Amino acid sequence: MFKGNKGMGNLMKQAQEMQKKMASAQDELKDIIVEENAGDGMVIVKVSGDQIVKELILDPELLSEDKDLVEDLILTAVNKGLAKAKETSAEKLNSATGGMMSGMNLPL
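Numbering (this note's numbering), first residue to last: 3 to 110.
These are computed hints drawn from the structure, not numbers from a lab.
Hints are supplied without guarantee of correctness; some may be wrong.
Said to hold, decoys possible - DMTMM-like cross-link-like pairs, simulated, lysine to aspartate or glutamate; straight-line CA separation at most 25 Å:
| no. | residue 1 | residue 2 |
| --- | --- | --- |
| 1 | K56 | D33 |
| 2 | K56 | E19 |
| 3 | K48 | E19 |
| 4 | K88 | D52 |
| 5 | K22 | E37 |
| 6 | K48 | E67 |
| 7 | K23 | D52 |
| 8 | K48 | D74 |
| 9 | K56 | E89 |
| 10 | K82 | E30 |
| 11 | K88 | E57 |
| 12 | K94 | E67 |
| 13 | K88 | E37 |
| 14 | K23 | D33 |
| 15 | K32 | E67 |
| 16 | K22 | D52 |
| 17 | K86 | E37 |
| 18 | K56 | E93 |
| 19 | K56 | D74 |
| 20 | K86 | D33 |
| 21 | K82 | D52 |
| 22 | K94 | D52 |
Note that the structure is a prediction, hence the values are computed from the model and not measured.
Use the sequences and the hints to build the structure in full.
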């Protein structure tokens, strides 16, 4: 399978290189911001590529609405934002690994 120690050394080198690319991609995710909304833009959420909610914007008119409606719109926007950030993260990491992580569904 491996041609002596040279084959194993090459494999280790490739693994280390992939590890560097993954670390770099994960670092870059912090700077990527995705945006989603709910209620025709009455609630806007901005989420980083590492899935941290960075900003939540509420239309002032929304504050006069029913509490349950406001809560529902906030949850919808946040969940959409997190899903989009997760998808963006998966694409970025998949690109960094040359597709080797595709379908692995790793926690990001």
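Checked hints:
{"no.": "1", "hint": "K56 with D33", "in the structure": "holds (11 Å)"}
{"no.": "2", "hint": "K56 with E19", "in the structure": "violated (31 Å)"}
{"no.": "3", "hint": "K48 with E19", "in the structure": "violated (32 Å)"}
{"no.": "4", "hint": "K88 with D52", "in the structure": "holds (8 Å)"}
{"no.": "5", "hint": "K22 with E37", "in the structure": "violated (28 Å)"}
{"no.": "6", "hint": "K48 with E67", "in the structure": "holds (22 Å)"}
{"no.": "7", "hint": "K23 with D52", "in the structure": "holds (16 Å)"}
{"no.": "8", "hint": "K48 with D74", "in the structure": "holds (17 Å)"}
{"no.": "9", "hint": "K56 with E89", "in the structure": "holds (17 Å)"}
{"no.": "10", "hint": "K82 with E30", "in the structure": "holds (21 Å)"}
{"no.": "11", "hint": "K88 with E57", "in the structure": "holds (17 Å)"}
{"no.": "12", "hint": "K94 with E67", "in the structure": "violated (39 Å)"}
{"no.": "13", "hint": "K88 with E37", "in the structure": "holds (12 Å)"}
{"no.": "14", "hint": "K23 with D33", "in the structure": "holds (16 Å)"}
{"no.": "15", "hint": "K32 with E67", "in the structure": "violated (34 Å)"}
{"no.": "16", "hint": "K22 with D52", "in the structure": "holds (17 Å)"}
{"no.": "17", "hint": "K86 with E37", "in the structure": "holds (8 Å)"}
{"no.": "18", "hint": "K56 with E93", "in the structure": "holds (20 Å)"}
{"no.": "19", "hint": "K56 with D74", "in the structure": "holds (19 Å)"}
{"no.": "20", "hint": "K86 with D33", "in the structure": "holds (15 Å)"}
{"no.": "21", "hint": "K82 with D52", "in the structure": "holds (15 Å)"}
{"no.": "22", "hint": "K94 with D52", "in the structure": "holds (11 Å)"}
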